[in-house]
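J.: Read off the chains here:
4 protein chains.
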Amino acid sequence: MKRVSTAILGASGYTGSELLRLLLLHPQVDLVAVTSRTHAGKAIAEVFPRFAALPGADLEFIEPDMDAVAAGGAEVAFLALPHGKAAGYATALLQHAVKVIDLSADFRLRDAAVYEEFYGAPHPAPELLGEAVYGLPEARREAIADARLIASPGCYPTSILLPLLPLVREKLIDPSTIVANSMSGVSGAGRKAEVPLLFVECNESVRAYGLPKHRHLSEIEQELSAAAGHEVCITFVPHLVPVNKGICTSTTATLVGDVPDAVEHALRSTYENSPFVRLLGAGGNPDTKNVTHTNFIDIGWHHDARTGRLLVLSTEDNLGKGAAGQAVQSMNLLCGFGETSGLLGV
Amino acid sequence: MKRVSTAILGASGYTGSELLRLLLLHPQVDLVAVTSRTHAGKAIAEVFPRFAALPGADLEFIEPDMDAVAAGGAEVAFLALPHGKAAGYATALLQHAVKVIDLSADFRLRDAAVYEEFYGAPHPAPELLGEAVYGLPEARREAIADARLIASPGCYPTSILLPLLPLVREKLIDPSTIVANSMSGVSGAGRKAEVPLLFVECNESVRAYGLPKHRHLSEIEQELSAAAGHEVCITFVPHLVPVNKGICTSTTATLVGDVPDAVEHALRSTYENSPFVRLLGAGGNPDTKNVTHTNFIDIGWHHDARTGRLLVLSTEDNLGKGAAGQAVQSMNLLCGFGETSGLLGV
Amino acid sequence: MKRVSTAILGASGYTGSELLRLLLLHPQVDLVAVTSRTHAGKAIAEVFPRFAALPGADLEFIEPDMDAVAAGGAEVAFLALPHGKAAGYATALLQHAVKVIDLSADFRLRDAAVYEEFYGAPHPAPELLGEAVYGLPEARREAIADARLIASPGCYPTSILLPLLPLVREKLIDPSTIVANSMSGVSGAGRKAEVPLLFVECNESVRAYGLPKHRHLSEIEQELSAAAGHEVCITFVPHLVPVNKGICTSTTATLVGDVPDAVEHALRSTYENSPFVRLLGAGGNPDTKNVTHTNFIDIGWHHDARTGRLLVLSTEDNLGKGAAGQAVQSMNLLCGFGETSGLLGV
Amino acid sequence: MKRVSTAILGASGYTGSELLRLLLLHPQVDLVAVTSRTHAGKAIAEVFPRFAALPGADLEFIEPDMDAVAAGGAEVAFLALPHGKAAGYATALLQHAVKVIDLSADFRLRDAAVYEEFYGAPHPAPELLGEAVYGLPEARREAIADARLIASPGCYPTSILLPLLPLVREKLIDPSTIVANSMSGVSGAGRKAEVPLLFVECNESVRAYGLPKHRHLSEIEQELSAAAGHEVCITFVPHLVPVNKGICTSTTATLVGDVPDAVEHALRSTYENSPFVRLLGAGGNPDTKNVTHTNFIDIGWHHDARTGRLLVLSTEDNLGKGAAGQAVQSMNLLCGFGETSGLLGV
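Chains as they are written, first to last, in the working numbering: chain A, 122 to 467; chain B, 122 to 467; chain C, 122 to 467; chain D, 122 to 467.
These are calculated hints, taken from the structure and not from any lab test. One thing to keep in mind: the hints can contain errors.
When chains are identical, the list treats them as one kind, so a pair holds in a single copy or across two.
[Unchecked claim] Below are the SDA-like pairs computed for lysine to any residue, each with C-alpha atoms no more than 20 Å apart in a straight line:
(1) LYS292 with GLN216
(2) LYS206 with GLY134
(3) LYS292 with GLU460
(4) LYS163 with GLU291
(5) LYS292 with GLU248
(6) LYS292 with SER462
(7) LYS206 with ALA310
(8) LYS334 with ALA426
(9) LYS206 with THR159
(10) LYS313 with GLY177
(11) LYS206 with GLU385
(12) LYS313 with GLU291
(13) LYS123 with PRO148
(14) LYS206 with ALA347
(15) LYS206 with LEU180
(16) LYS334 with THR428
(17) LYS292 with GLY193
(18) LYS123 with ALA213
(19) LYS334 with ASP379
(20) LYS123 with THR461
(21) LYS334 with GLY429
(22) LYS123 with LEU215
(23) LYS163 with GLY405
(24) LYS313 with PRO148
(25) LYS313 with VAL353
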């Protein structure tokens, strides 16, 4: 069985620790380096007691030194770093011929101007935007397999794009009517010591945030526009709900031509060979509890005949299919492994 | 200080126990009868240990005998019963000259045919539909004060109607574009011994349900249509989230004439004398944790200039302003008490 | 009805905001000053949206200036400050003839050496230890009524002492065999921006901490020793569980003389005139959900005939009877109000 | 790699579905039959959407017919049935030469009289008690490997026995002083449609139950007595806390001879070759969040020099090491597989 040597840069947050989990358990992966300024010198098992006693958990965190990472033999590096910081590491790693799977937003947008509009700073490495591949495996398997630099999509975009892309592409819905409401678990906000993320502030609390122009809108609209063949602008309303993990997205849009049967056909034909997309069909109500701790996304839909709208519902684990799982899925494609290798845990 | 003698019929569910709480603590209320087939013969304090040691908590539950309720001196009776069952009790109580505040759906709809469409059975007492008042205090203070029979609105309708009614009435939004997404705490599903409502099934779970035609749509559209002056049909997507109490509703609609400033004016002028409506203004993001265990509804809004849509957000306690608190607010109006009497607990 | 003017010093944490809630709603209290370095200049309603629209919620936070607090007319001041900081304010307030109810640990111990042993610093105002009254109302009603300086007990001590004091005093249990296990809601750890208190770190987590010598042991043993008439040393195992509020304490001790009936008699005779102690009797299993958001403590017990041990169980709200509610109860006694005034909310 | 054909009887509860999860993912297992009266005729994927798309999830539930189970080729059958029901199936399966791993209490006790005392009915198959092996792998690896009938221990006993057995065996603690407090997730109470297990009843609730003589005491004391060489009687206080999965057990006992160093030595030497026991050492505070969804048990301890007591803390997943994981671990031993085969997921 083929194997690959990997590194994780910035493995101390929630996305990073989910990457750790997946790579420590992956049957074709050797984890050769993990970096963290905070934890340098400590073993994985010490920082994350959950992973203690797993093979490989005695690996020690090192400072984020790209020369050392490359010297250690990493062939693929995962970047679980804040946007703005990832780009510099990516540049250095590519120079060392290490392939990069970036989980930050740095390389998701084709247009540096859009990056600046949504992220409030000039793009840190615009010369790489041309070759970066937006790493949604279900949409770009071949490009991912050939890439040097993969921009792994965010959790909200994944939950919105996978159900919508086939419908927009086949012009079954009017893109200008799309309204997406998402409810995210608190891990989506990161492992930051901030009062609004305290247990007591989040438990027994439901609240919208990031309105009306959440950063993830930029990549969502970029991909929907590409599918539609014209510019698409949508409304996106994210909420924080008191679960650790999981995103539930409920999207409405006006059906074009009132052909609800075509919806199921479009979804089935698009995803028939996609092992992580589970289609619940018409009337299906996905539940986050069925996808947490997995790489699956569950999709159901309803025809609201009274209003002529389609309701499309999806659930995924924001850290799994919405982040670390998806990145490992891209790694599998990149390395010529089976797409589900190491990703069927539930 | 004026006082009133009250009864609660069906006090063993979540809405009933919240009514109990509010009436036991209300400074102008004597609770003279509580009924429950299950608990007849037991004291309130025994069934609800939370209320033990409160004055009045030694009152015993009785069988639901309307003659006994009337003989016990009740002037106002609250019905916390399933739809279909409440109507019969209401008829009997009115014959005894006991005023009725019904928290079920039985008298919320003006049209018996719509009731049958949404509730799947002929209306049990259509002759009373003409005089029943839809008890949204902020919309019908005078009618409530004069009523014999008040149909207290449901939790979802309250969370949707209070923010939208002024906007629809003043034609600031296009009613045909309304999409309302609600997230409700689990108490909204009732105190039923069913597997899907078990802790383990709801905790770490987010899911939509009741699609695409939830029963509450009927009263929401009835009231919006009355405000619009024409028939309104909307999309409503309810979700269950793992909190005990609280509803967060996020509604989008296309602005007519692109006049966001008029939104704030419409809300402020409508609710300036409504003590339980707290307006957070443009940019405000209400949080259920600020309204649970209270009778307040918090409302904020955002102008999504990119799409021309308005986002209106509201939060309330589904058992408070969405059920028991609102019913007591109507009782205060009915009895000539101050509107906030017994309802300012937080 | 008599009234009192009060101040809260340090009202931005969880205990402070619960004090705010109780005092804003108290029918005999005028809140004349609230201090917070962080929030100075902002209104209560702005900092705590939950309290918006309540009478008095437009009061602005000020800097913690004791001269200003006294000049503002405060007759009683509540200190919701960290230990070590409270003592200085208390000294200044007493000089201004403002009575002090301190919710920190600063004046709970009679012996400055024990303070230094458990809190790791010399006592900041040892000259006041002699007159401070350990403010457990059920144990010291008269002393509290006459005090200038009340040291309001901590949440764990209250949950342990109220059930045990009568049993130790009447020598029904062997104090050297006491083992107390407590499970506390996360608000007990304070409103601190620290990673271990994040939602994701506490949700789906149960863990012991503070072992084997939690600071609260010092006051627990002081009071048990006084009741026993000799020095008592116990084992105390606190745990953090994922609820916002509530403490459940399960204590075991060997029965002396095997007289389980005497247990109920001792509890009943001690607390027959204590309105906030609810005795569930032999076989009673208290539940935190019945006491959260209240000032009640529920107590039940079991005789473990197989081992000769007594199991005593108690539940309280760590912010209510375990902190703010208890402090207000002491204020009621201090001011000659009814003991339950403003404290019967559930 | 060797393989085994297995069946699960009673796979619709929480323990059964965790068994399903582990066996569907196990690299050496073919799942050939699953039974459930409720779900007969439906595929696993339909009943448990979480498992949809996994290889093997199209297997259909059948009625619990032991002839059919044996005819289907099962070599090992797991019984996830209520106590009292499992014994009959076990008898039938053994007659078909199918080895049995019973997760109920039916074969855990050596003495039918103790069974009757704690379970309130005569033992249904006392003739099998002699050969049943109490399946705690860390304590009886060889016996498990040779068994026909394995009685897999309960969740509470596992969490109490693994830390205590070495200490009792080596006489480091006085068994008569043992007090064990456990906090269990709600899945431990089973998937029963009962009001006390509803989300709203368990969330924000902490409560003791099953006092003073919980059924699991019988097997705990049986095993401790065997280790001590004399009859041991302990106090056990179980609590329900609002997490889905996880047990935290805090046990105290008086140290004999005041030799805390011997504690660590006894634990280390006993478990040095036990891959699922993670020793955190002196001062270690295990957290359920590190063991949920795993087969690990984490153990830490503290010396309470003030009282001469030892505090021993353990955490495990009540459905993992406390039930399904442990049963699969026994199957691995029984089948000659590696002990960790299929059990290293985290």
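J.: Any hints this thing doesn't respect? Which numbers, in order?
T.: Hints 1, 3, 4, 5, 6, 10, 11, 12, 14, 15, 17, 18, 22, 24 and 25 contradicted; others consistent.
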